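Peer 1: Here are the chains, one letter per residue:
2 protein chains.
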Amino acid sequence: MPKVTDEHRAARRQQILMATLRCVAVEGLHRTTMADVIRESGLSAGAVYGYFKSKNDLILAIAEFGLALMDTELRGLAKDGNVPSPDEVTRQLTRAIVRQAESQEIDITKVVIAVWAEAVRDEGVRAIVSERIRTLRDSYAGLVSAQQAAGLVDPDADPLHVTQVMVGMLPGFILQRLVLQDVDPEGYADGLAALRR
Amino acid sequence: MPKVTDEHRAARRQQILMATLRCVAVEGLHRTTMADVIRESGLSAGAVYGYFKSKNDLILAIAEFGLALMDTELRGLAKDGNVPSPDEVTRQLTRAIVRQAESQEIDITKVVIAVWAEAVRDEGVRAIVSERIRTLRDSYAGLVSAQQAAGLVDPDADPLHVTQVMVGMLPGFILQRLVLQDVDPEGYADGLAALRR
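Chains as they are written, first to last, in the working numbering: chain A, 199 to 395; chain B, 199 to 395.
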């Protein structure tokens, strides 16, 4: 397939995904329909269905979009044999969240919360989301093991438990940022660092 | 007013609140209407409106219900001059969350997530919810100051930052419990304890 076609496909896919994010940010996930996304995208129904066969395909794409960002950040932190401390990881991940939220036309974190709410309500969405969060946790668990080997985290601890807490801090950051609007990456990471001294 | 009337009022109020929780757990908060709550409660419209004038009154009652549980737990932990460690507080609060989720006909944590999603989408709901979360954080901040005085947390840290992280761990616990269904209070508290050693 010629390269221009791949680029064209990627751009179209992104166009539909952004239309979905706009719809979800306003209407919530539950109320957003394929018809809404088609209208918002400015494309034909046939064009949209060529990329996403159902609303669940769109939800999967949103979940992957959000988690790919976290995963890329984690890989960047752990490269060249570098082992960052838990509070340093929290600092970089929350910075990445804010950067992403502020750089796009739509604050992706608002959409992420809509996806959580739908995952709790709907079993199909839950299956999609839980698999993706597990993938993120697996990447994180690798980092925790490296932190244990480097003496940054108690080597006798169960890496899963440490990972649950470390990943578990991120939703509360996102929520406090959106709802109370008084939290920032530096303070949040400093708070964790204080607990570790 | 005679005592029986107060009791009657409290029972009626609780009956309407439980009907609301059932509606929200199934439909989400956004789609639940006063008409749904009236139908589900089995009471007349006049009776329901006598207790809750609008959907926002119901949301406020849900937010207060959830946060009152946390607040009662925090007060219980800090009584008689006792100062629990951060991981002990996390252990007791997550235990209280699970106990409450499992003891009622409706898992209140599912409704809490619906309230978060609506708080992000709707400014009126956000005002209600942010005030209530701030109240919880204020109670928690008092505990953090006591932990600092007792040498359990770095006394030079900003108590607000420590509080943001400690409160910020709870949404991630609730989400992992509902979506991945593999987290429990003991592991979560142990994970935090490992980060503090």
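Keep in mind the hints are simulated off the structure, nothing from the lab.
Predicted, not measured: the structure shown is a model, and the values here were computed from it.
Careful: at least some of the hints might be erroneous.
As the list claims (entries may be wrong) - Calculated cross-link-like contacts (lysine-lysine; reagent style DSSO-like; alpha-carbon spacing at most 30 angstroms):
hint	chain 1	residue 1	chain 2	residue 2
1	A	Lys308	A	Lys251
2	B	Lys308	A	Lys251
3	B	Lys251	A	Lys308
4	A	Lys253	B	Lys251
5	A	Lys308	A	Lys253
6	B	Lys308	B	Lys253
7	B	Lys251	B	Lys308
8	A	Lys308	B	Lys277
9	A	Lys277	B	Lys308
10	B	Lys253	A	Lys308
Stated by the list, open to error - Looking from chain B toward chain A, a few residues come up when the C-beta cut is under 7 angstroms (computed):
hint	residue
11	Ile236
12	Phe263
13	Ile304
14	Ile306
15	Val327
16	Gly370
Using N, Cα and C, we set each Cβ at its ideal position, and we do this for glycine too.
Peer 1: Is the hinted pair A/Lys253 and B/Lys251 satisfied, with a Cα-Cα distance of at most 30 angstroms?
Peer 2: Given that 30 angstroms is the threshold and the Cα spacing comes to 36 angstroms, the pair is violated.
Peer 1: Hint check: is the beta carbon of B/Gly370 less than 7 angstroms from a beta carbon of chain A?
Peer 2: holds (3 angstroms)
Peer 1: Are the Cα atoms of A/Lys277 and B/Lys308 separated by 30 angstroms or less?
Peer 2: Not OK: A/Lys277 and B/Lys308 at ~38 angstroms, beyond 30 angstroms, violated.
Peer 1: Should the interface hint for B/Val327 be scored as holding, given a Cβ-Cβ cut-off of 7 angstroms against chain A?
Peer 2: Since chain A brings a Cβ to about 6 angstroms from B/Val327, closer than 7 angstroms, the hint holds.
Peer 1: Double-check B/Ile236 for me: the hint is only fine if its C-beta lies closer than 7 angstroms to a C-beta in chain A.
Peer 2: violated (22 angstroms)
Peer 1: Given the hint that B/Lys253 pairs with A/Lys308, test it: the Cα-Cα distance must not exceed 30 angstroms.
Peer 2: holds (22 angstroms)
Peer 1: Closer than 7 angstroms between Cβ atoms is the bar; does B/Phe263 clear it against chain A? Give me holds or violated.
Peer 2: Interface hint status for B/Phe263: violated (18 angstroms vs cutoff 7 angstroms).
Peer 1: Holds or violated: B/Ile306 as interface residue toward chain A, Cβ cutoff 7 angstroms?
Peer 2: Check failed: Cβ of B/Ile306 comes no nearer than 12 angstroms to chain A, outside 7 angstroms.
Peer 1: Can you confirm whether the C-alpha distance between B/Lys251 and A/Lys308 stays at or below 30 angstroms?
Peer 2: Holds - the C-alpha atoms of A/Lys308 and B/Lys251 are around 29 angstroms apart, at most 30 angstroms.
Peer 1: Below or equal to 30 angstroms on CA atoms is what counts here, so check B/Lys251 against B/Lys308.
Peer 2: holds (24 angstroms)
Peer 1: Between A/Lys308 and A/Lys253, does the CA-CA distance stay at or below 30 angstroms?
Peer 2: holds (18 angstroms)
Peer 1: A/Lys308 and B/Lys277: Cα distance at most 30 angstroms?
Peer 2: violated (38 angstroms)
This entry does not satisfy hints 4, 8, 9, 11, 12, 13 and 14, going by the numbered hints stated previously.
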